[in-house]
Amino acid sequence: MIFVTVGTQGPFDRLVNTVDAWAGSTGRDDVFAQVGPTDSPPRAIDWVRSLTPDEFRDKVHAARVVVSHAGMGTILTALELEKPVLVLPRLARMHEQRNDHQTATARHLAERGLVTATFDEEELLARLEKLDSLARGPALPEAADAGLLEELRNFFR
Amino acid sequence: MKKLLAVASGGGHWVQLQRLRPAFEGLDVCYLTTDEGYRNHVAGARFRTVHDASRWNKLALLLQALRVLWVVARERPDFVLSTGAAVGYFALRFGKLLGARTVWIDSIANAEELSLSGQKAGACADLWLTQWEHLAREGGPRFAGAVL
Numbered sequence: 508m509i510f511v512t513v514g515t516q517g518p519f520d521r522l523v524n525t526v527d528a529w530a531g532s533t534g535r536d537d538v539f540a541q542v543g544p545t546d547s548p549p550r551a552i553d554w555v556r557s558l559t560p561d562e563f564r565d566k567v568h569a570a571r572v573v574v575s576h577a578g579m580g581t582i583l584t585a586l587e588l589e590k591p592v593l594v595l596p597r598l599a600r601m602h603e604q605r606n607d608h609q610t611a612t613a614r615h616l617a618e619r620g621l622v623t624a625t626f627d628e629e630e631l632l633a634r635l636e637k638l639d640s641l642a643r644g645p646a647l648p649e650a651a652d653a654g655l656l657e658e659l660r661n662f663f664r
Numbered sequence: 004m005k006k007l008l009a010v011a012s013g014g015g016h017w018v019q020l021q022r023l024r025p026a027f028e029g030l031d032v033c034y035l036t037t038d039e040g041y042r043n044h045v046a047g048a049r050f051r052t053v054h055d056a057s058r059w060n061k062l063a064l065l066l067q068a069l070r071v072l073w074v075v076a077r078e079r080p081d082f083v084l085s086t087g088a089a090v091g092y093f094a095l096r097f098g099k100l101l102g103a104r105t106v107w108i109d110s111i112a113n114a115e116e117l118s119l120s121g122q123k124a125g126a127c128a129d130l131w132l133t134q135w136e137h138l139a140r141e142g143g144p145r146f147a148g149a150v151l
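Chains as they are written, first to last, in the working numbering: chain A, 508 to 664; chain B, 4 to 151.
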């Protein structure tokens, strides 16, 4: 299953519609999307508006690939469950987010090999065509960096 | 046992907070978030919620602040820690006011500049951290590592 998710910050039709059009034209019937409060829900793929935290985790767990906005909740959950992540950042000029921090996040995480980043619909479509060869990033440790945890432990002492 | 109020709004901020849990061992932890659905992620710890609010809705934000104040006043934590966002900023402000020592860990989602709540929260944080080395600066946040 390919799990498409836009998180909880409102709809992200550019992402969902691109995947929907691709699934429609290629006949892929194993795509499931969480689309948020959108006015134009997908036609070809299965979808819901929102998921509870547990349902969300179950979907990521069941997915072979996660296709999402560049939100850290989704990315961290997908990496924890060892799934490849394909992201399209939300853009401020498209009114998808108040600023372009997702673009920065996507670029930095892609540099570290943790996600596959695309920056427009064309690039996303090109990656979708090669989805089955999408590699997952390195396994994520159980918790945050040891240095960060140590800093906190010292503070709490 | 010292009390920690660990605060994060739902979504990415909450997932980041979870990855810090090994540092909370030996503390009496109360979690404060904006989504009831996370309750069973922290079974055994105290768990409180306030409704979600974005900075675009002033009334919701004000009500959220009052509710956070109530939680902080009830909990009287020794430490308040947050990974964001507005709910965490309020918790740090009120925690500081009531004598707690405070930690702000700016979200890893802010790779090129600190979040708005992070810039404000930094001013009332005893420990102010960024998760990106290139954002650390004198008089601003330090870098000690990231959640991934």
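Please note that a few of the clues may not be correct.
[What the hints assert, rightly or not] SDA-like mimics (lysine to any residue), calculated; alpha carbons at most 20 Å apart, straight line:
{"id": "1", "chain 1": "B", "residue 1": "61", "chain 2": "A", "residue 2": "604"}
{"id": "2", "chain 1": "B", "residue 1": "99", "chain 2": "A", "residue 2": "664"}
{"id": "3", "chain 1": "B", "residue 1": "6", "chain 2": "B", "residue 2": "40"}
{"id": "4", "chain 1": "B", "residue 1": "5", "chain 2": "A", "residue 2": "664"}
{"id": "5", "chain 1": "B", "residue 1": "5", "chain 2": "A", "residue 2": "647"}
{"id": "6", "chain 1": "B", "residue 1": "6", "chain 2": "A", "residue 2": "662"}
{"id": "7", "chain 1": "B", "residue 1": "5", "chain 2": "A", "residue 2": "528"}
{"id": "8", "chain 1": "A", "residue 1": "566", "chain 2": "B", "residue 2": "44"}
{"id": "9", "chain 1": "B", "residue 1": "5", "chain 2": "A", "residue 2": "566"}
{"id": "10", "chain 1": "B", "residue 1": "61", "chain 2": "B", "residue 2": "43"}
{"id": "11", "chain 1": "A", "residue 1": "566", "chain 2": "B", "residue 2": "39"}
{"id": "12", "chain 1": "A", "residue 1": "566", "chain 2": "B", "residue 2": "40"}
{"id": "13", "chain 1": "B", "residue 1": "61", "chain 2": "A", "residue 2": "660"}
{"id": "14", "chain 1": "A", "residue 1": "590", "chain 2": "B", "residue 2": "21"}
{"id": "15", "chain 1": "B", "residue 1": "123", "chain 2": "A", "residue 2": "605"}
{"id": "16", "chain 1": "B", "residue 1": "6", "chain 2": "A", "residue 2": "663"}
{"id": "17", "chain 1": "B", "residue 1": "99", "chain 2": "A", "residue 2": "662"}
{"id": "18", "chain 1": "B", "residue 1": "61", "chain 2": "A", "residue 2": "657"}
{"id": "19", "chain 1": "B", "residue 1": "5", "chain 2": "A", "residue 2": "661"}
{"id": "20", "chain 1": "B", "residue 1": "6", "chain 2": "A", "residue 2": "604"}
{"id": "21", "chain 1": "A", "residue 1": "566", "chain 2": "B", "residue 2": "29"}
{"id": "22", "chain 1": "B", "residue 1": "123", "chain 2": "A", "residue 2": "590"}
{"id": "23", "chain 1": "B", "residue 1": "99", "chain 2": "A", "residue 2": "646"}
{"id": "24", "chain 1": "B", "residue 1": "5", "chain 2": "A", "residue 2": "663"}
{"id": "25", "chain 1": "A", "residue 1": "566", "chain 2": "B", "residue 2": "123"}
{"id": "26", "chain 1": "B", "residue 1": "99", "chain 2": "A", "residue 2": "516"}
{"id": "27", "chain 1": "B", "residue 1": "6", "chain 2": "A", "residue 2": "660"}
{"id": "28", "chain 1": "B", "residue 1": "6", "chain 2": "A", "residue 2": "657"}
Hint data in this document are derived by calculation from the structure and do not stem from the laboratory. Given the structure is predicted, the values throughout are model-derived calculations rather than measurements.
Right, here's what the structure says about each hint:
no. : hint          : result
1   : B:61 - A:604  : 18 Å, holds
2   : B:99 - A:664  : 18 Å, holds
3   : B:6 - B:40    : 23 Å, violated
4   : B:5 - A:664   : 9 Å, holds
5   : B:5 - A:647   : 30 Å, violated
6   : B:6 - A:662   : 13 Å, holds
7   : B:5 - A:528   : 54 Å, violated
8   : A:566 - B:44  : 17 Å, holds
9   : B:5 - A:566   : 37 Å, violated
10  : B:61 - B:43   : 31 Å, violated
11  : A:566 - B:39  : 19 Å, holds
12  : A:566 - B:40  : 15 Å, holds
13  : B:61 - A:660  : 36 Å, violated
14  : A:590 - B:21  : 19 Å, holds
15  : B:123 - A:605 : 17 Å, holds
16  : B:6 - A:663   : 10 Å, holds
17  : B:99 - A:662  : 15 Å, holds
18  : B:61 - A:657  : 37 Å, violated
19  : B:5 - A:661   : 14 Å, holds
20  : B:6 - A:604   : 36 Å, violated
21  : A:566 - B:29  : 34 Å, violated
22  : B:123 - A:590 : 35 Å, violated
23  : B:99 - A:646  : 38 Å, violated
24  : B:5 - A:663   : 9 Å, holds
25  : A:566 - B:123 : 36 Å, violated
26  : B:99 - A:516  : 29 Å, violated
27  : B:6 - A:660   : 13 Å, holds
28  : B:6 - A:657   : 18 Å, holds
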